[in-house]
Structure formats: C-alpha cells, structure tokens
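Colleague: Top to bottom, those sequences are chains A and B.
Just so you know, we're using this note's numbering here: the first sequence kicks off at 1 and counts up by one.
Just so you know, we're using this note's numbering here: the second sequence kicks off at 1 and counts up by one.
Since the hints were made in silico from the structure, they are not lab data.
Glycine residues also receive a C-beta, built at the ideal position from the N, C-alpha and C atoms.
Fair warning: there could be bad hints in the mix.
Said to hold, decoys possible - Think about it this way: if two alpha-carbon atoms lie no more than 35 Å apart in a straight line, the pair counts; the simulated DSBU-like pairs of lysine-lysine are:
(1) B/LYS6 x A/LYS286
(2) A/LYS283 x B/LYS322
(3) A/LYS285 x B/LYS95
(4) B/LYS347 x A/LYS286
Claimed, not checked - Chain A side only, calculated, beta carbon under 7 Å to chain B, not exhaustive:
(5) ILE50
(6) LEU84
(7) VAL87
(8) ARG88
(9) HIS273
(10) MET281
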Amino acid sequence: MSNPIATIIAFMVLILVPGLTDLAVFASQDESKIYPDFSFSCTQNNQQFILKTRLSYWTGERDVPISGSVITCYLMAGEESRQLEAVRTDMDGDAVFRIDKKSERLESAGDIYTFRAVFEGSREFEMTEDIAAVKPLNMNLEFVEIDSIKTIMAEAFETDPEGNPVPLEDTDVYFYVPRSFSLLPVGEEWFMGGTAQVDFPTSLPGDSAGNLTIVARIQDHELYGNVEAVAVKDWGLAVPRVIVEKRRGLGDTDAPLWMVYTLIVLLSIVWFHYLYVFYVMIKIKKLRRN
Amino acid sequence: MENNSKVSALLARFAPQMTRTTRLEKVLVTICGGTVLWGVYALYIQATKGHSVTGMRDNVVWGVYIVNFIFFIGISYAGALISGILYLLRVEWRKPIIRIAEIITVISTILGPLYILLCIGRLDRLHHLLLFGRIQSPITWDVIAITTYLIGSMIFLFLATVPDFAILRDSRNPMFGKWRRRFYRFFAIGYKDKENQRRFLRQGITIISIIIIPLAVLVHSVLSWIFGMTLRPGWHSTIFAPYFVVAAVFSGTGVLIIAMWAFRKFYHLEEYLQEKHFRYLGILLMVLGGLYGYFTFSEYLTGWYGSEKWELHLIYKLFDRKEFGSMFVYAAFIGVLVPILIVAIPKTRTINGITIASVIVITAMWVKRYIIIIPTLETPLLPMQESRMEYVSYSITWVEWALTFSGIAAFFLFFYFSSKFVPIIPVSELAESNAEDNNPES
Chain A
1 MSNPIATIIA FMVLILVPGL TDLAVFASQD ESKIYPDFSF SCTQNNQQFI LKTRLSYWTG
61 ERDVPISGSV ITCYLMAGEE SRQLEAVRTD MDGDAVFRID KKSERLESAG DIYTFRAVFE
121 GSREFEMTED IAAVKPLNMN LEFVEIDSIK TIMAEAFETD PEGNPVPLED TDVYFYVPRS
181 FSLLPVGEEW FMGGTAQVDF PTSLPGDSAG NLTIVARIQD HELYGNVEAV AVKDWGLAVP
241 RVIVEKRRGL GDTDAPLWMV YTLIVLLSIV WFHYLYVFYV MIKIKKLRRN
Chain B
1 MENNSKVSAL LARFAPQMTR TTRLEKVLVT ICGGTVLWGV YALYIQATKG HSVTGMRDNV
61 VWGVYIVNFI FFIGISYAGA LISGILYLLR VEWRKPIIRI AEIITVISTI LGPLYILLCI
121 GRLDRLHHLL LFGRIQSPIT WDVIAITTYL IGSMIFLFLA TVPDFAILRD SRNPMFGKWR
181 RRFYRFFAIG YKDKENQRRF LRQGITIISI IIIPLAVLVH SVLSWIFGMT LRPGWHSTIF
241 APYFVVAAVF SGTGVLIIAM WAFRKFYHLE EYLQEKHFRY LGILLMVLGG LYGYFTFSEY
301 LTGWYGSEKW ELHLIYKLFD RKEFGSMFVY AAFIGVLVPI LIVAIPKTRT INGITIASVI
361 VITAMWVKRY IIIIPTLETP LLPMQESRME YVSYSITWVE WALTFSGIAA FFLFFYFSSK
421 FVPIIPVSEL AESNAEDNNP ES
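Okay, chain B solo, but in the shape it has when bound:
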C-alpha cells in the first residue's frame, strides 16, 4: 500500500503518541498497575479465605461483582451500537470516534465476564456449565450470547483496523521499530488497498456491523432475563430487556464521551475530536436519558400501583433515606435529569459540560445496577433465618472494592496499551475523507 502525503502527515501526527511515553503516562500507568496489583492481592485473599471475605452471604448471593459485570457489558454498547449504526448509515462524523468505541467494546466485553468468575464459589466446576448446561437456563444463554458477541466485536475491530495496519506496515516512519513492523505485517493480512481487497473488506465490515447490532441487543436482553425470569420483587418485569438495552447504550455513550475527552485533552487531538462530535453524542445522551427516564418511571409506577406486598416492600426500601433512598435519588433523578439539562441548555452544552454529564451518567448507571440487585436480594420472599447484620444487609468489603477498582484500572491500561499499537483515530478513514473532500466529483 503506497502511503500518500496525507497519510504520511497523519502518521507523523500519531507516531509520537504511539511510540513515546510521557511522564504523565508513566504516572498514570504506575497508578493503574498498582491498583491492578492491589486487586490481585485481594483476589489471592478471596481465593485462600473463601467468599466470606466479601459481603455476599446466604441471602445476598450477588454483590458488587455482578454490578460490575452488568456495568462493563453495558458500556460495551458504545462500540457495538454506535459504531455499527453510524457505519451502516455512512455518517461522516463517525470516523474519528469509531476506533475508540470499538476498543471500548472489546475491552469491556473481556473484563465484564471476569467478574462472574470472581462470583463463582466453585471455579473448579466451571466446565460443568459446558458439560451439563441446560439451554433453558438464562445463564447458559448469557454465556453463549456474550461469547458470540465478544468474537463479533473482535472481528469488527480487527476488520476496521486492517487498513491502518497496512498503512503502518508500509510506513517509512523511523519511529516504528522492527518488531512493530513485524506485528503490523502479520495483522495487515496482506492488505494493499487494491480494488478487490477494498471491496471484500467493506463487505466484511458491513456484514459484521449488521450482525453486531441485533447481537448487542440480544446480549443485554439475555443479561436482563437472568433477573427478569426469576419471580423476585423488582426483577420479574416484562420491560427489563428494553430497559437494560437503553441503560446500556446510555452508559456506553457516556464512557465513549469520557474516553474522547481524555484523548483529546492529553494527546491534543482537537482537530479530529471536535466540538461537534461531543455535541452530537451529547444529544444522543440526552435522548437516551429521556428514554431511560421514561422506562424507570414506567417500571416503578407499575410496581407501586400493583401494590403487591413484596414489590411495595422493595419500593419503600428504595425510597427510604435510611436504606437505598440516596442511591435511588442519584440513579433515577440526578443521573437522568442533570445530564439532560446540561445538554439541553446551550450555555452548558460545551465539551467539558457534556463530559461532566457523562461522568454523572456512568456513575448513576453503576449505582442503578447496584439498586437493581442488592435491595431485591435483601427482600427475600421467605423470612431470613439468619439475624446477624452482615447476613441481613449487604455491604461492600475492601476485597470487593479492590477488585472493582482494579477492573477499572485494567480497563484504562488495556485502552492505553491498545492506543500504543493502533492510532486511536483511524488514519485510513481520515485519509479517505480528505481524498473525497479534494475530489470535486465526490
């Protein structure tokens, strides 16, 4: 593949970010690495002492690990839906952001299921799921769906990156060393931007971008059915699947905006990640916020109006300031209304304002997953036999916090190292746009 001057200029722009490490990066990598090590130590404690070091007990059998699992799978929507839909609609402004979205998808789909493993008491029996799994079980559906989704997301990311690998392979930029060239040669799969190759590549990306959208919807629907299929107050709901899907796109968009803000800020990518990208995604965030708020209202109104004993008991717990009241207010009101207002008011609809709205959204979504899981488990249909406080009320232990933060740190690390191997802004796509801009016939 012959690099034209545009491509060379773009490569010269991104090569320093890919090959050099600044002091700030070193500090951040050290902090994240330390947090991951803290998590490894917590994991060692949990593996040697058992699950009693967590807050999970007989009634609250799922804790913050499941919250993190749903959270990470939720943010994986950023790549699947946003880049998939924008690619299919051939939306021009998608180009600088799709790589970030796709990387978010792959990393979070890898990290999310790891929390399930942390939750399992008998990991030595994990293979039983494959040997004796019953396809009537939503857990089995979940395993099948997430595995298929992860493979699809990886193919999507890979195919979209092939032209960039080819550009990097053919680059004469001295900043790319031998091993990097070998790496790019392998992953470029002989792509030379020939007409036939381009046609096949587009065909592959289009197929995967079509497949990935229903697959992503299915993954989060299946995830919601783990709860929805059980006859527990707060879980047994017919709207749980679309509710989870909307919440996932909501939080995925939030994470995408934050990632864009961070790269723009630290690598000075202002000319690529422009204000319009934040504005468009901000509006998407606002629309999703409205939709999510509507689902939330509908969900709790129906439960409250039905006046079923245990459902009411749960709703009163959610509204009780001494129990989950503050969390509920944050997840259902602040996490929805404040981001909508920030984006709706022109004065606050700035890059920083939209990023702050995104931070509120993703923290609210994490809290929302917490109040979906814990209050219901603390409201069993049969009276609790165990009256010890730690059995009645769940509280997160330091081991769980350590593993939660180490997951977030691992996310940042994965993201950081990914950006060292491929340009975070798709060079080939930008070069193509520039070529089209210069072509009067296009």
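Only chain A is shown next, with the shape it has when bound in the complex:
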C-alpha cells in the first residue's frame, strides 16, 4: 500500500509543475515584450481639443506603426480619472480624439485640463502611457486693410474663472497658407495685449474666386500646447479654373471614339440578326395554328 503523504506530494507536484511551467513561459514572454514608442500631443481651436497619439516600435532599422491597438483617453480631475474615449490606432499607428470644449465630460476639471492617453499593452507590446496638460485659449482671425495694406489680425485670450477674457501676452504666432503639399509661411508675429498683426502678401494665387485659407498657429506652447485658428478670405489672386480637355486613347479611361463606334456597330449588326431570328422562332410557333 502506498504512502498517502507521498501520494499527496506527487499529486501536488503534478498540479503545480504545469502551473509553474506556464508561469515561467509567461515570465519569459513578458521579458521578450517590446517597449513601443508612444507620443501624445494636443492641438486646440475655439471649438475642440484635438488629441493625437502615435504608437510604433523601433525594429533597429526603422519605425513600424502599430495598427489596430486600442488607446484610451482619460481626463484627470484631481484624484479622479475620467474615461473620455477609446479609439483604435489606424494603419499609421495614429489614434485621434476630438473633445468638444463645451462637453459635459470636461466639467469641473479645473483651469488646466490634464489628458492621459493609455495603451494597455498586448501579447507583444508593453503597456505605455503619456500625459498632456493644456489650458483653453481662444484665438480669432480678423482681416483688415490698413492704409490699403492687407493685414491679418489675430486676437487670442483665455478666460478667467469669472468668465472675463484675459488677453494673451508675449507669445509667438505663425501665419500660413496651405498649398498643394505643405503650409506656406506668410508671417510671424508676437502677441501684445492679446493681438498680433502681420501684413499679408498680395501675390498669392487663390481659387477661381481668389479665396485663400489662412492658418494662424501657436506652436508647442508650454501652457496651451498647439493652438490653431483657420479662416478663408478672398485676398488671393483669382485663378481661372483650367479646363483640361478630356482625352480619349488606349491609356485613358475612355476609349477612342472610332473603337466605341466600331464595337457598337458590330454588336448592333450581330444582335439585330439574333433578335430577328428570335422573331422568326415566334413566327414559327404562331404558324402552328394555321
């Protein structure tokens, strides 16, 4: 008869050893996990906070985006961490959160909003997170002509707890016009007493009505992050729309006309005769009664 203690020990070993093995495998997997690169930035305009995250990892040769991973965005309100949204990263590893400034979710969070973006990790990647703190700022663009010089005037202010506007001081602002491939810088100024103004060049081509999109930006500010204001103004040179003559050819979407006509004529000839033969068949069937 076997010893009951030995039986229990053997049983325990049998139970534990697979568990220990799993633990060891888990630990080794854990060690082999990759630490991803994670960036988090905030851009604000008068309506929204636009929070952007990028998740990627470095292979040793190049940066590879991690797509399809869930990034969760929280708002830190004192001790409380309030979940705002969860978004999956796209093919470029980007996840974008758009939070309305008037959203109820931002209520009672203080003057400065602290956002926290978290990637919980996966089987291959370690968990990672980042924080961005921003203070709301409003920026508006106005367009005036001073002594017949076209001038862009930017106004920026924050709001104090009583709701009064506080003009922005001592901050750089950059003005751009979007072109086909990038933003064209058109001026740079310094906010004094909440306003900054630059002369606008008169030689920029716009659309057929002369409209141009003008962007004013405060970049990487320690308190406001990125702030952006966009407006459209007809200060560009009106460029008549170029009507490109549609070509027909072998390499084009539409076939040469002779080819289209030939096909239509050939098919029409054949199908006309087919239809006539169908008519003949019907006639044969009808004639059976005569």
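Assemble the complex: chain A is given as a structure, and chain B must be docked to it using the hints.
Modeller: Just chain B, lined up with the frame of chain A:
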C-alpha cells in the same frame, strides 16, 4: 408533323442509340465521370490552398489553363465554319456531319471559358470586368466576342435541330417515354413542317450561318490579339490573328473527324458517315495543314531574320532540345507534315488513317498553344528577380493535369448526353435528301 415511312425507319434506326445504354457506354461514362470528380477535387484543393498548387508563378502567370482555353475555343470552329459554310453552299454531303460539328461548337465554347475562371485569382471580383471593363482591352473584346459567339452557336444548333425535335415529338415509337415527349414538344416550338414554317426556319438558319462565320473569325482573332497586342517576344506579331484562325479550323476539323469516327465505330453508322465524308474532311485537313505550316514558317522566319535580342532568345529556346525543342518539333513539323502525308498518300487515306492524322493534329495543336504561351512568359524582358527553379521554369502540377483531363472528360460526357436527346445524324435532313432523291424533278 406527319412522319412518313422514311422518317419512321430512320427513327427506328436511331431510337435504340438514344434510349438504351450499352455496357461500353456505362464504362466510358463511369471513367469520364470519375475524371470529372477528380477535377472537382483538384478544384477544391486549388480554391482552398490558392494558385500556389498550380505551376503558375510571378513570371509564368498563364499556364495550361490558358492553353486549354485556346484549345477548346479552337475546336469550336468545327461547327461554326464547317457547318456554316457547308450549309450556305448547300453541300449535300454535309448533312450527316453537321449535327456533330454544331454540338462540338456549343460544348467547347461552354467549356473553354471555364478555364479562364480557373486562372483568375480573385473570382470574387469577376463582375468588375462588367462594371469597370475598358473597351480598349482585348480581354473585354474577348468576353464580348465569346459570349456573342456562344449565343449564336446555340441558336444555330437549336434552329437546325427544331425539325428533328418535331419529328421526335410526333413519333409513335414506344421507346420514347413521356418526359422525352414533353421535352421534344417544348423544344419543337410548334413546328409542323408547314410551308410557311419551313420558309421561316430556313431564313433563320441562313441568317445565323452567315453571321456565325465572321463571328467565329472575329472570336479567334480577338483571342490572338490578347497575345498580339502585348510587346512580348513571340507574341507581338501582325499575322497572329489569321494564324490563330487557321490553327483553330485545323484543330476543329481534327476533332470533328475523331467524333465522326467514334460514332461510326460504336453506333455502326457506316451507312451515314461514309468514307467520302472522311476523305473530304481529310482533304480539308491537308489543305489547312499546308496553310498552317506556311504561317508557322513565316512567323518564325520573320522573327529569326529580324535578330531582335529577345525574339532570338525565345527562338533558341524553342529549338533547344533541353528546353522546348521536342515540343516544337512535334507541333511545327510532325503535327503538320505527318497528317499531310497521311492524307496525300492514297494508301493511307483511309478512315482510320485520316483519324490517326486528326489525333496527331489535335495533340500537336495543344502542344503548339503550350509553346506559344509558356516560353514567352519564361523569357521576360526584365531579368527575373526570383531564382527559385519553380519560378524560372513552369511545370504542370497534378492539379492542372486533373482539371485538364476533367475538361476533356466533361467534353465527352456533354457530347454523350447530347446524343441521347437528339439523333447525332439529322433525321429531317436525311429524310429530305431521300425525298429529293426519289423525286425525278429534283
């Protein structure tokens, strides 16, 4: 339609072949059915594992499926041209053979394009061809031409069979059961051989037989332009369209002769499929062989004489015994000269001799399509990036062989089942001939 005694006698002759199944037929149907099932299994393997189970790779993107496609479309010429032309010329001896020719046309025009479907990697996007097809593309021309040709061939076969359906419908032969009579009643479209009906029917057949001839030429020309319009060595040729047309009639005639031989042999149709039919078609085969040989010589002589780098590279591959030499010799020399000699020499110009010549012709034509497609694809204008042997040289896998043989087996099965529904020799035409023979005024 009143069946006269001639018609009744003819029906009595063909009814057993249509209604009874001999042991040999059962064996052949089992073998063909098994081969088709083997093909279905191969298709399942291909559908589940992808095209890597075939020999097709990055460079040789077309393989034996396209060879089979061209081969089947080629043999469809048997019905289109031979029966079309012979009908228009009112050639008397055509009567026993036209039904076989027309059935060959319809079956091969149905089977051929199926190989294109086997070739397509993304079948789920097939409808894109209709939605986004550009009419500048020879592929689009091909789809339009083959569809139109198939419909025309089916109408031609149907119209030519209507009088036989009417005869079978009115037959009192007890061998034809109820369901058969219902089938014949439906397809006879009320034809009672009245004067007006006969006039309309002849009008319909004449129209289709005129239309089908240029259509058939166009179909094979378009097929050749899929190759001819590309700037590849061995393909970019101005004579490809007539070359393909002649090759198609050549192989179509060969298949027609073999089908005639098989029916004559197994159903003892010696009194209908006579030696003269084989002799006439044999002479046609010989003339076409000469024409085809002339085109082949002209094609390769021009390519070789031009000494263009890649063209020469391809021609040397075709002549190289270690590459395609033996295939080239078979397709360009044996497949042309031996059939011509067999028919030209009176001693070998027998039914069996002409049938052997036809077998040589159709196998040579299959090999010819192979050496049109594969060597060119193995000779890309840019150096191959992939050096693995299976990427450099194409070889047919068992999946492709299975689907090839199942196509041939399906052809036989279709043919066999067609012959069970309609007499393989047009009864109405023969009865008409007999009536004319007995009429001293005709």
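Colleague: Out of the numbered hints, which ones does the structure contradict?
Modeller: 2, 4, 5, 6, 7 and 8
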